[in-house]
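Novice: Which chain is which? The protein sequence lines are A and B, in order. Those letters in the first sequence? Residues 121 to 235, by my numbering. Those letters in the second sequence? Residues 4 to 109, by my numbering.
Take these hints with a grain of salt, some might be off.
[To be verified] Which residues of chain B face chain A? A few of them, derived with a C-beta cut under 8 angstroms, are:
#1 D33
#2 A46
#3 P47
#4 L49
#5 S55
#6 P62
#7 F65
#8 G69
#9 I86
#10 Y90
#11 P98
#12 F101
#13 I109
[Unchecked claim] With a Cα cut of at most 30 angstroms, we get these calculated BS3-like pairs of lysine-lysine:
#14 B:K106 with B:K48
#15 A:K187 with A:K163
#16 B:K106 with A:K198
#17 A:K163 with B:K48
[Claimed, not checked] Label-pair distances were calculated between CB atoms; the ranges are:
#18 A:Q227 with B:Q30: 43 to 49 angstroms
#19 A:S185 with B:D20: 37 to 43 angstroms
#20 B:A16 with A:S207: 41 to 47 angstroms
#21 A:S197 with B:P43: 47 to 53 angstroms
#22 A:Q204 with B:L57: 21 to 27 angstroms
#23 B:A16 with A:G178: 27 to 33 angstroms
Source of the hints: derived by calculation from the structure; they are not laboratory data. Virtual Cβ for every residue (Gly too), placed ideally from N, Cα, C.
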Amino acid sequence: EVQLVESGGGVVQPGRSLRLSCTASGFSVGDYLMSWFRQAPGKGLEWVGFIRSEAYGGAIEYAASVKGRFTISRDDSKSIAFLQMNSLKTEDTAVYYCTREYDYWGQGALVTVSS
Amino acid sequence: DIQMTQSPSSLSASVGDRVTFTCQASQDIDTSLNWFQQQPGKAPKLLIFDASNLETGVPSRFSGSGSGTDFTFTISSLQPEDIATYYCQQYINLPLTFGGGTKVEI
Chain A
121 EVQLVESGGG VVQPGRSLRL SCTASGFSVG DYLMSWFRQA PGKGLEWVGF
171 IRSEAYGGAI EYAASVKGRF TISRDDSKSI AFLQMNSLKT EDTAVYYCTR
221 EYDYWGQGAL VTVSS
Chain B
4 DIQMTQSPSS LSASVGDRVT FTCQASQDID TSLNWFQQQP GKAPKLLIFD
54 ASNLETGVPS RFSGSGSGTD FTFTISSLQP EDIATYYCQQ YINLPLTFGG
104 GTKVEI
């Protein structure tokens, strides 16, 4: 059974860092497009970035709002995808979802950036 | 960036009603459109891909149509469990972008 579980969310001060993990079961993260989306409280969905499958060279793309601050990576041996978030801003406060392609989503991890 | 505009932003209907709402792209996206359902407090769920293809396991009362810039989502007979916000999303160009959502209430 395909399952995605995010972890690592929490409360962090502006300017600090946080790393989210997305642990996959039922498939290998290297075989699929793995994406991160977020949803600010009471708002709509926003794409954060993705890492393409190994078959597509593992290329990584980011939304302009996070480029240069966030880094996506993965550990194929452990089937985990990561979202490293640096220089966090209050506007980064959101529930962060990892996805396999568009058909499987994790339960979400809440990140709150506040002093 | 491609802007996605959904209308209406919310609607109220009765159980058994046929419900339709739309999504308009700011430029031609062919059929590169997904529809997601997000129930309160839950992660989004893919219902329709490539504008009109029903995801496996999704009830047949859900359907999508359209191509280019204008798309329609239909629930043929609204059920209580369909209470949710529905989002369209284009994937022809980066950045991937979503519409603002249509909230369906009973």
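Novice: Hints first: check each against the structure and report whether it holds.
Specialist: Hints, verified against the model:
1. D33: 16 angstroms, violated
2. A46: At about 4 angstroms, which falls below the 8 angstroms cut-off, the nearest Cβ of chain A leaves the hint on A46 of chain B intact, so it holds.
3. P47: 6 angstroms, holds
4. L49: 5 angstroms, holds
5. S55: 15 angstroms, violated
6. P62: Status violated, d = 16 angstroms.
7. F65: Constraint on F65 of chain B not satisfied, violated at 15 angstroms.
8. G69: At about 18 angstroms, which exceeds the 8 angstroms cut-off, the nearest Cβ of chain A leaves the hint on G69 of chain B violated.
9. I86: Hint violated; I86 of chain B Cβ to chain A Cβ min 17 angstroms, cut 8 angstroms.
10. Y90: Because about 6 angstroms separates Y90 of chain B from the closest Cβ in chain A, which is inside the 8 angstroms limit, the hint holds.
11. P98: Check passed: Cβ of P98 of chain B comes within 5 angstroms of chain A, closer than 8 angstroms.
12. F101: F101 of chain B check passes; min Cβ-Cβ to chain A is 5 angstroms, inside 8 angstroms.
13. I109: 21 angstroms, violated
14. B:K106 with B:K48: Holds, at about 15 angstroms.
15. A:K187 with A:K163: Judged against 30 angstroms, a Cα distance of about 21 angstroms means the pair holds.
16. B:K106 with A:K198: Distance ~38 angstroms between K106 of chain B and K198 of chain A Cα, so the pair is violated.
17. A:K163 with B:K48: 17 angstroms, holds
18. A:Q227 with B:Q30: 43 to 49 angstroms: Violated, at about 34 angstroms.
19. A:S185 with B:D20: 37 to 43 angstroms: Taking Cβ atoms as reference, S185 of chain A and D20 of chain B lie about 38 angstroms apart, which means the hint holds.
20. B:A16 with A:S207: 41 to 47 angstroms: This hint holds: roughly 45 angstroms between Cβ atoms.
21. A:S197 with B:P43: 47 to 53 angstroms: 37 angstroms, violated
22. A:Q204 with B:L57: 21 to 27 angstroms: 36 angstroms, violated
23. B:A16 with A:G178: 27 to 33 angstroms: Once the Cβ atoms are compared, 45 angstroms apart, the range 27 to 33 angstroms for G178 of chain A and A16 of chain B is violated.
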